[in-house]
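Enquirer: As a plain string of letters, each chain reads:
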Amino acid sequence: MSSSELTAATHINPQPPLRQTTQMPTVATSSSRLFNGFFEWFGELGIFSWRVLKAGVSPPYEGHELVRQLDEVGSKSLPLVAMAGSAIGVILSLEARYSLTRFGAKSMFPATLVYSVVQVMGPVITGLVVSGRVGAGMGAELASMKVTEQIDAIEASAINPYRLLAATRILACILMLPLLTLATDACAMMTGWFTQSLVEPLSFHQFISSGFKGATFNAFLPQTFKTAVYGLIIGLIACFQGMRTRGGAAGVGRAATNSVVLASLFLILADVVLVKFILVFFP
Amino acid sequence: MATDYEIATKQGAPEQNGSAPVVAVENVFKSFDGHKVLNGINLRVKKGETLAVLGRSGTGKSVLLRLIIGLNTPDTGSICIHGQDIAGMALDGMSEIRKRMGFLFQHAALYDSLTVAGNVAFPLEHHRRDMSRSEQSDRVRQLLAEVGLDGDLEKMPSDISGGMQKRVGLARALALEPEILLLDEPTAGLDPISSGEIDELILKLQRERQIASIVVTHDLHSAKTIAGRIALLDKGEVVIEGPFEELQQSDIGFVKEFLKQS
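Those protein sequences? They're chains A and B, same order as listed. Quick note: the first sequence uses this note's numbering, first residue 1, plus one each step. Quick note: the second sequence uses this note's numbering, first residue 1001, plus one each step.
Chain A extracted, bound-state conformation:
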């Protein structure tokens, strides 16, 4: 477009160039803010993780608080994961029996149920249930402490809040998730067997021996212990979201929600990597 044409166009409709100059920076600014916010979040998470690690490995160790958190994360989550596991066992039993009967592979039922529970459903269900219960609880508790200056009061009392509040909670999650997963698996297998035995009597011993026939440690242990990584994700995200909260009651609500949503999301994303890792290193 020549300069005369441009002048003419501007004369006829002077608004578009003005709109372009005002809108473009707005879009660019909001995109850049989003982009910056994304990397800022990861940067802050990295710094937070480093502080927690540094505080967690150096004395004094907060043994009492760790025991309290083990109880909070472990014992108090047990009924919930047991119920979730039991329900999963019933569902898998009903679905598997139907599908296996259709394909004439009914004898594979115990192995299908055991492998489905231990390798896939047990770890993921436990992770998601604990993420919901513990993630929200920790996020809200720490956020509430943050907005009421209780975390500042801990720091002012010469106590490292990263050690007392974050390291203990994260370690409790790491230690408790594999144990809770074992509980979920056990409940799922029990109810799976029970549901099956209502239709077609099968002894529990027979069910277990046939389910684990030919199984190696590599088939089960990595799948169970990978949940320690879920524990790390749940604890780390909940503590991070809680301890960076701003803005009163609304901030506490946001922290609790974000803790659950982000922990669940990262847990599923991590599972993709962990499954591939286990397949490569523990074939």
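Quick caveat, the hints were computed from the structure, so don't treat them as lab data. No false leads were slipped in.
Below, a list of computed lysine-lysine pairs in the DSBU-like style, where the Cα atoms sit at most 35 Å apart: (1) B:K1260 with B:K1204; (2) B:K1046 with B:K1036; (3) B:K1047 with B:K1235; (4) B:K1047 with B:K1036; (5) A:K54 with B:K1099; (6) A:K76 with B:K1155; (7) A:K213 with A:K76; (8) B:K1036 with A:K54; (9) B:K1256 with B:K1204.
Got chain A; can you put chain B on it based on the hints?
Expert: What follows is chain B alone, placed relative to chain A:
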């Protein structure tokens, strides 16, 4: 031309006594999101001395206390506690300094999952592991008796009034027998009798234990009673610093207006 602070410093006490200050705030600037809160603050407090910091709401008085205890870091300038510059100090190094300081928060900041006694015992449980449980309990009872709350040990913070929470916060701040006490509005929300008791307690600590205190307050009467010097802040700057009589004699418009309204 000398600034108000320089004039006040020349006239006031800070440089007259030869002993080294336990708290020295030198040319401290602090902004939050581009908003200047502290604009070149200079303050010194010696052992056994009480400095009251007065000023309008939002002039950075509480921020000043948070900087001194290291909960925030200054943009520029230095804060020395017992001669050690705390700016940029690691958390564990700062903890050693904080063990010698007591801090009372504006809203008490009590741990809401612990009882009154649990709140006061909290610093003892973490830093005085040489003390037995019964010694710690005795110390907690003694501290709560000093602030007039010896009958409320097992109550939860949510079950006591704001004024009582303040007193529990003060007892907690005194648990480790600090050499420096930072009090953010210790008498706000208290009735005149309780307020007088807190003032008396601060004077007693000053007299018996030679504690250096910085007290942020809006209560001019309390400031006059407990503090040897008063620093008046406006727009993040020290307008005047000196004994109360000096403030009364000042020709600075803001000082006159502040005293008139108080």
